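There are 6 protein chains.
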Amino acid sequence: MQPEIKAFIGCDTPFEEADAVIFGAPFDSTTSFRPGTRFGPGAIRNESFGIETYSPYQDKCLCDLRVFDAGDLELRFGSPESALADIEETAAHILDARKKPVLLGGEHLVTLGAFRAAAKRFPDVCLIQFDAHTDLRDDYLGEPLSHACVVRRCHDIIGDKRIFQFGIRSGEGYEFAFAREHNYIWPTTVKGVDFAGVKEAVRLIGDRPVYLTIDLDVLDPGIFCGTGTPEAGGCTFNQLLEAIMELSSLNIVAADMNELSPHYDQSGASTAIACKLLRELLLSVCRTS
Amino acid sequence: MQPEIKAFIGCDTPFEEADAVIFGAPFDSTTSFRPGTRFGPGAIRNESFGIETYSPYQDKCLCDLRVFDAGDLELRFGSPESALADIEETAAHILDARKKPVLLGGEHLVTLGAFRAAAKRFPDVCLIQFDAHTDLRDDYLGEPLSHACVVRRCHDIIGDKRIFQFGIRSGEGYEFAFAREHNYIWPTTVKGVDFAGVKEAVRLIGDRPVYLTIDLDVLDPGIFCGTGTPEAGGCTFNQLLEAIMELSSLNIVAADMNELSPHYDQSGASTAIACKLLRELLLSVCRTS
Amino acid sequence: MQPEIKAFIGCDTPFEEADAVIFGAPFDSTTSFRPGTRFGPGAIRNESFGIETYSPYQDKCLCDLRVFDAGDLELRFGSPESALADIEETAAHILDARKKPVLLGGEHLVTLGAFRAAAKRFPDVCLIQFDAHTDLRDDYLGEPLSHACVVRRCHDIIGDKRIFQFGIRSGEGYEFAFAREHNYIWPTTVKGVDFAGVKEAVRLIGDRPVYLTIDLDVLDPGIFCGTGTPEAGGCTFNQLLEAIMELSSLNIVAADMNELSPHYDQSGASTAIACKLLRELLLSVCRTS
Amino acid sequence: MQPEIKAFIGCDTPFEEADAVIFGAPFDSTTSFRPGTRFGPGAIRNESFGIETYSPYQDKCLCDLRVFDAGDLELRFGSPESALADIEETAAHILDARKKPVLLGGEHLVTLGAFRAAAKRFPDVCLIQFDAHTDLRDDYLGEPLSHACVVRRCHDIIGDKRIFQFGIRSGEGYEFAFAREHNYIWPTTVKGVDFAGVKEAVRLIGDRPVYLTIDLDVLDPGIFCGTGTPEAGGCTFNQLLEAIMELSSLNIVAADMNELSPHYDQSGASTAIACKLLRELLLSVCRTS
Amino acid sequence: MQPEIKAFIGCDTPFEEADAVIFGAPFDSTTSFRPGTRFGPGAIRNESFGIETYSPYQDKCLCDLRVFDAGDLELRFGSPESALADIEETAAHILDARKKPVLLGGEHLVTLGAFRAAAKRFPDVCLIQFDAHTDLRDDYLGEPLSHACVVRRCHDIIGDKRIFQFGIRSGEGYEFAFAREHNYIWPTTVKGVDFAGVKEAVRLIGDRPVYLTIDLDVLDPGIFCGTGTPEAGGCTFNQLLEAIMELSSLNIVAADMNELSPHYDQSGASTAIACKLLRELLLSVCRTS
Amino acid sequence: MQPEIKAFIGCDTPFEEADAVIFGAPFDSTTSFRPGTRFGPGAIRNESFGIETYSPYQDKCLCDLRVFDAGDLELRFGSPESALADIEETAAHILDARKKPVLLGGEHLVTLGAFRAAAKRFPDVCLIQFDAHTDLRDDYLGEPLSHACVVRRCHDIIGDKRIFQFGIRSGEGYEFAFAREHNYIWPTTVKGVDFAGVKEAVRLIGDRPVYLTIDLDVLDPGIFCGTGTPEAGGCTFNQLLEAIMELSSLNIVAADMNELSPHYDQSGASTAIACKLLRELLLSVCRTS
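Residue numbers (our numbering), protein chains in the order written: chain W, 659 to 947; chain A, 659 to 947; chain P, 659 to 947; chain H, 659 to 947; chain E, 659 to 947; chain C, 659 to 947.
Derived by calculation from the structure, the hints in this document are not laboratory data. Bear in mind the structure is a predicted one, so any value in this text is a computation, not a measurement. Fair warning: there could be bad hints in the mix.
Identical chains blur together in the list; that is why a pair holds if it fits in one copy or across any two.
Stated by the list, open to error - Subject to a maximum C-alpha distance of 30 Å in a straight line, what follows is the list of computed DSSO-like cross-link-like pairs (lysine-lysine):
# : residue 1 : residue 2
1 : K718      : K849
2 : K718      : K778
3 : K718      : K664
4 : K718      : K819
5 : K819      : K857
6 : K857      : K778
7 : K819      : K778
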């Protein structure tokens, strides 16, 4: 008798043979409003058996990919810098083995750990962000390592015109000004999200390596209420899925999906959506064997 | 003093005088993921007093119909075959009395009981299905009588080109292939559901008798999270309502609505939507007196 | 050390210097279906620190307005008439000071108190209503002071062609007839809400004073399930926001937002949406300093 | 086919042949803190099929009693006086037919309606109260008809030394003083409830007629959290059950059980306890046939 | 990088070296009232990292035991007989390897599978049951394989005076009579549970092999509301723990713990208690190395 | 019109005239299992209007005390050291003004901030702890500033035989050994909590100053499930209340109450208990005027 493995559905390729490696960072210590994203990666694994491995959208199956799920890191709550160091080390290990890290948060700050590793390995890396919030504060209540500052910290590393922001509909006035000056931004208006820019981003990026970060609160709280800071006026599942599928021509070297706080959606629908999006993301960015 | 009756709002015509007869099948024993649809019919009755009997969409009122609500069957949990037999017997009794059965699930498997009765009484019956899932598996973990196989079991009875599937966005690859070959299917894509086919189905069916089955998970989980297997990318309430109204010219001889699992939506909105849809369904398929 | 103030984010201008005054009426005694709107105003204040003061939609900031939040009235449960008297008195006091009252319900009946004050101060006042329900019953189970009758009571005061109704999709047949005859109504159909009429209403009203009442159940329950009587087929957040912004050219002398029942949405998303709408409403109807 | 009856388990004797008659008063308009007891009677009926009709505690079965369940009254929300009048009328009708009314609240105020009827029919009636709260205020925020005043209103009718209060552990100082002077009270201390007084009350009352009112918040919130005003330090289920059984020698002419607010206990345990207590109460106060 | 293992805390000894083997049977198809125990074993594993491996009650540590956790069986929903066959086969496999099976339900019916295996291997096995319900029905709605009949089915196998029942406080009258005639029973009265009989049972059993089944609803719903059929008047955690510790001198050859339905206790306390009890159970029945 | 004050019921004495000062520390960044105690202080204030100011247990009223409620500190999430510094500064400010600080957590780590201030002001201070957990780890996953280490950090400051621990029933073996050697501990056994030691502690402490810390998880999860790490086998409300009342003869110079995580108890009962305990604590440790 063998012990039971805790893995996302269909992601049971051994590490050595895998093209992509999932790992979780159940961390939410800097969350300013409502914590709980630490439960995100575990919930996604537990509930993934409720979805199919086959995607009718892409006519592909997880059974034809080679993905390894490494489970969750054990991170020190209350110590953001040490948590980021652990995440960076794991992402670097995966990148060194010529595989794609797929990080599951946790709060959005965890992106910084994996992005540091990606930017070291691929100095010309670009960042594509789907999010409701700018995340461009210089600091938050005096703290520079906060979920509200994570994209600003990424900008510190790679500089101007390398970051592409979609779905944004919340932030301070100065953050929007910063985004317009230093990044590419397609903000959300009263007419809805503007994902027409995805095609333009694909063109602008060309064959440069890409780090893709998806803060799930880019989705409308109507379909994804399981997150700490629900922000009305977001995109639909179909809009986000289509955008992800449009990115499949890019050279995505690492990706993450974060800010699922499963306990806030007692119905389980938010977790189910995260599972489905992770399936579609994997099918988009990994080669089929 | 008389005892209080448990009935859907406005459905208090005696059986003998009724055109349509509601009955519930609170059964969920084969549910593979998250049970609870057994609580569906009771919740619909309890909460129905929160809606109006009048529909501004159709400018009709339940008070002008003749519907009897027979309450719930008492079914044996853990025994799908005996549950299906009881459902079939009740539906047959209603059909024999020249009335329309309107079955409330319960899991989708319950459809098979009523459909067997309808297919005996109307050998040329067609099946219209609104659903997120194909439900076309041959068996599920070895079990042929499962919610995941129910439409396949219906196909066993009536054969090719008699089943019309709408809203489908989940299933194994082979199920989609089966549907394309043996049924009519308008699958859901990243652009959304395709209900344009409803008009075509109406034309293809003509005046043949129709069994209408609505798995409520055809709705987007954003507006209907109270179901066991929420599947992102579904239709809106208005889309489903419009589709139902377009069916009113057909000869619908029996109908069901299933897979409401009310406890999964603590807000009660899913149950309220089911109540409203049942009202609209009754107003669409029954004659006003 | 000073005590902590309980106020909506950014609304800390002293009463004397304020242009607008928020006050809460935590009353739900006539609610016929599911109570709980009494918790609405408190929830909005508590959760308001989770949103930004800056609106990217309007490119304005609450920090540039002058709003005072007076907290909640202490109302007598079980006594609608005395509650309405207290609300009217407070609204009159604010209007007498040449400020705009912004009332937070509670159930929709509370509107009547503030509307009475506004109609005394501005005899030519018009009423714009966003709502799922007509609220035009003559009485409800014999009670004329009920949430289901509130707009009818307003009509008693100001008479014909002064009330503009948007989003309506539920009511008795005779209520719709009344609305068509005595008010302006743009009912919701299976094609969705009809907010094209907002522009027409703005034109018809001209520079007359306006009382704006927003029953939050005008929103689709998919994005706003935290209300006592969820009614499928409502508008999106963006649609409502756009409509509110289109009203900014009117002379709005008083406004209210009601029917948030926060406990029914355990995710907190409904409360977050109400906070965001209140921010946008204030930014639309108040002058920036 | 017959419609389904909504009745407490085993309570299907026709009115004419019944010894006791259950009826519900789903009213909570004066609730000052958290409403929801209006859902109590319906929940008790719905969930009663989850318990047995047989009591091993009393070795008796509901199947040997003759009880009729009349369902719920339709009461005017927001109008306490008219609600009390309807309750009184129903209780009087039952008493006139020489049967025992068993009232299910609703908030505790409903007791006043049934008690008025009992005191008219039995002028020497005594009141036994199990409750966490004194309910002896003269008025509550100026309102004399409030749940917080209900026992004081009963005292207005029957005067001194006719009321027996058990389990009390909350109230104003002057209410406790009133109770000690005008009623019999066995208050709860840090050592727990004092139900030793039940025997003494039985002795003091003798063969006078008794109205028994059970506010379920007498139970500890640890075992009964489904109530609007949970008050720590209450009695156990066994203590309350034993007290009820000790009352079986009295001439109980009417009884009520109130303040179950089922939505506040998502587990359903509070409703299950209320069902079990109602079974035991019926078995204690009714004759077996 | 290795995949993450899904196991109860501290239970990572390989199968070959283990003294005891945990396995889960997530089955609830015959549950008549409220399903959900299928989620029990997974919840216990997930939440077990919230407790310590050390027990101050027994001054022992899981780190000193040798336990293997085999994860969950994949059972056919809707087919009790095939589920029981799978459970029996697994238990037999463990027993054949001279190890103790520790089964986690699922509904109580799962006991029958493991008990069949134990009774074959140990023909003189006795059964000790902690439970709120007799579970002695001959059939339930015609179905002999139901949770309500499970102990009766065990009696079919081993016959009279081999079953010891504790905590029972619910059942039909004839079930109690059966228990008194054919088993040993210490029923619960209004004075509380009677666990004094545990010592007597230990004496009566002597060195015969014992199968221990714990239906967690033996606990009072006040401390364990996460179960399908909460039954007031149960034992405390300390009472059950003490009883389990008193059994440590017996020759327990197999054990199970069932009927945790974790979703019914949103606070997670029921799952935490089940985790703690499983720790104490393992420490009581396994040898320390 | 004045703004509304956010304060615990009856605690509206201005700072200058107050004997005791309540302040909240909504911090939970080091919580290892389930976060949410950050919502504790706010919930206690919001819900306090649901209890009376009068205590029948002590026959005293909050209206006769002089307490100021300073509201909540704004703390940096993710930075334990800076949060502790802010807490210490506030407590020192209150102590310097010759008033008693009453701190509301947040996680238990917050105690360290206030205790540092108290130990500076009163070098001979003793610590009385009510808790389920030893909290004596040297570090937790390498972090010395963790809720699991807080009492160990207090021991670092004041040394041996100055800490009195009650209710403890969880910890590593070495923590219990540490407690027995360096502190006074009355651990909880299978027979229940041992609060007989309270009297002994009172005697041992004499007139030395005392810091009282109450981790609310000392209560049994049956009556207090609204906490991150529920630990079965705790004390009752009455036991804790009696213990607090027995401490009233001591010279308590500062106190805290922590670990309420209100969202985990959807019923609100845990928050209600915390409110009641805070009332009793204030009535025990403050002088009546």
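Checking each numbered hint in turn, tell me which of them this model violates, lowest number first.
Going through the list in order, the structure violates hint 2 alone and respects the others.
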